[in-house]
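Novice: Fit chain to chain and form the complex, with the hints in mind.
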Amino acid sequence: MPLHPRVYSTEAIVLRRTDFGEADRILTLFSPAYGKLRAIAKGSRRTTSRLAGHLEPFTRTQLLLAAGRELDIVTQAEGRERLDHLRDDVWHATGAWYVAELVDRFLEDADPHPRLYARFVHTLRLLDDGASAPATSRGWLALRHFELHLLDELGYRPALHTCAGCETPLRPEENGFSAELGGALCPACSRYAQRRMSLGAFKVLRLLQMTEWDAVPRLRLASGERNEVEGILQSVLRYHLDRELKSWAFLHAPGIEGA
Amino acid sequence: MQPTVAPVAALIEEFAKLPGIGPKTAQRLTFFILRSPADQARRLAEAITRVKESIIQCSTCFNITETDPCAICSNPQRDRGAICVVEEPLDVLALEKTGVFKGLYHVLHGALSPVEGIGPRDLRIDELVARVRERAGSDDAVREVILATNPNYEGDYTVAYIAPLLAQQDMKVTRLARGLPIGGDLEYADEGTLGRALEGRREV
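Chains as they are written, first to last, in the working numbering: chain R, 10 to 268; chain X, 47 to 250.
Isolated chain X (complex conformation) (with noise of 0.2 angstroms):
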């Protein structure tokens, strides 16, 4: 049953909207804001606005930034000659983390999915096949173009469909290796994971 106060009930509404949020947990959510200190309450919501409002896609990558061009495309350090492809912004966030790649980044905002709807327009595809072809020839030419979309059957169709787009330019297109997670167990990854495991094996 829904409280029969107005801000509450708003409240509640809202918390319910939120992606995993059920009816039961945007009460507690509620009933937490409520309990907790008004300055604390202040700072969750500035914080939703804030993010709102500052938040743009980086005009060169379409990664989240509050500045365009982006920090990582504004890097000088950065390796012009490679981008990695990404699902996500989040994304991102996993692959620098690891510390490794040293390129630029173009988020997709999705994956093709025909059963979603989600098609090529929906996604940052032309910008991606522009963004190559513009630098084509120049010092800034792109060298590699990384395919990192999610190994699961979406990321498959993605890289499916972009990969001869990208073909026709002088550059490799090159996918995210496949294998064994860290932690896991051997018996019960399934044969393709295995069998790809196989194949990429390494002389130790």
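Chain R with its partners taken away, still in its complex shape (with noise of 0.2 angstroms):
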């Protein structure tokens, strides 16, 4: 657990709030130095606040906190980086709500991991840029980037590359997958696998896990094999996290769910 003065300075994102007392909230934060973080912000909820403008989730800002005897207090904040076309569009939106959702989860609080953090920032702009286009397969594709680069900083990377039964190298054929032995079986272990893994989103998952984002091309995949894909990450989270993640049934609610 990183040690900090009794009072700090820290770049930082809400990834989530709860209202607490008269007009005070709760707040849930990311941070590169600290990791996950709960504070106060008093009086936030105050229209006259000072904080509360720079205190909106997915808004990079820098905070100045005062060490609590169970909470850290935020004695000030200035917003650096505000998304807000998010604010218009609502599949976007979910998905920046379900990234911070994954954040909040994995992490433990006090664990830093600045490269997941910077990763995260990239993802919400990656969002946000996105809301302001009609279509949402870059915006799909970000999302599974970001899982599967939090799977592999937090140590679940999920072996696509060798079988996770009898580690052989795998063959670009249609092989198998399970969760819980840790990723991608070949046809001769498939016979203990949770799921069948096409071709298809086999290369897809081996693409994104070793691309940076910058050299992830332009991949149109047909609803099948995007549903594929989701299946088998959200089999993997699921099986880390032991729950569902609420944030994920809204991606695909009716009036929400992309084109």
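Just so you know, the hints here were simulated from the structure itself, not pulled from any lab data.
Stretch-level coverage of chain R by chain X, calculated; a stretch enters the list once three of its residues show a Cβ under 8 angstroms from a Cβ in chain X:
1) 25 to 31
2) 48 to 61
3) 87 to 98
4) 103 to 109
5) 253 to 261
Simulated pairs of lysine-lysine, DSSO-like, Cα-Cα distance not exceeding 27 angstroms:
6) X:K218 - X:K143
7) X:K143 - X:K98
8) X:K70 - R:K51
9) R:K255 - X:K63
10) X:K98 - X:K63
11) R:K51 - X:K63
12) X:K148 - X:K218
13) X:K143 - R:K51
Backbone N, C-alpha and C fix where the C-beta goes; we use that ideal spot for every residue, glycine too.
Specialist: Written out as structure tokens, the structure is:
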């Protein structure tokens, strides 16, 4: 657990917030230096609050915090980057809530992951850019890319190059997949598989796992292939979290689902 | 440590279930009631019982009321062509205090929140769309729906969801203006608020 002084400054993004007392909010923050932390923003629900506008979810904010007995206290906040396009597009905004919930659920308090923080900010920017575009395919790929690299950063990288059962190198063919066993399974081990994995889904997952975002080509997947890739990744996330993510269902809800 | 007197312990336990009340505050409230006159305690108990027994939701606007339809919905002086959509019954009180809005209300009972799992089915959104659609083409047709959700991410998210559902109807869909609060300091305003205040500036 990183120690911090009594009063400390950090950049952070609000992952979630809960109303507390008369006009306060309890914030769950993600910062590059201190990881996930909880803090209270006193009076931030009042319209005259000097903090409120800087503490909106998905706003990159520079904070001054004072260590409290149970919760740290936000004493100053200054927004550095606002992602306002997200406010007008319900699918991309749901995507942003989804990645925030992933970070919140996967990370323990005070466990810094600066690389994951940078990736989180990058993914939010991609979603914000996508919010002004008519299609959601790039945003969809950005979510899958984030899921794979979050798993990678936290030590849950699914095996996609060697069989998770017998460790033989996987060939470009239809394989199996088991979240419980830790990844893809060769045809011989596929009797242990929870699901089949088509060659198309196998290639997309490997590409996203091995490639930095800037090199990911503009893929357009058929809906069957999208569902398969999503299903595989969701099985891994659910296996490690042992719970459903609330925002996941929203991405597919009527009136929200993307094009 | 909990007192051993059962009624005292029970009251502390009930107070501690209220939002924002911790065990210490629950104890303080309980001992305040213990020391106060019996009449005051009875009035409090009666007020709590009455609020649960007599308050219902208006079947038109879903605001809390003693009668159905509520006083606002049944008032012939109100402008039936304008509906102001708010998150909570308390927002109706706040808007009524301004004395500016003379139309009707629609209370959603919350805002959409993917991380809290509050979805469209948990709010009165379908009822709003049906209410507007039902009156289309009649003398009571809605001319304007004002989406007065809170000016935060959840409020905007709710608006982004509702606005397309109302867009098919022949009427104006508006939002409350954004800008600087009276009594605030310009130097502490975030750039989003300041930007919107500049966009919505008025000639003096």
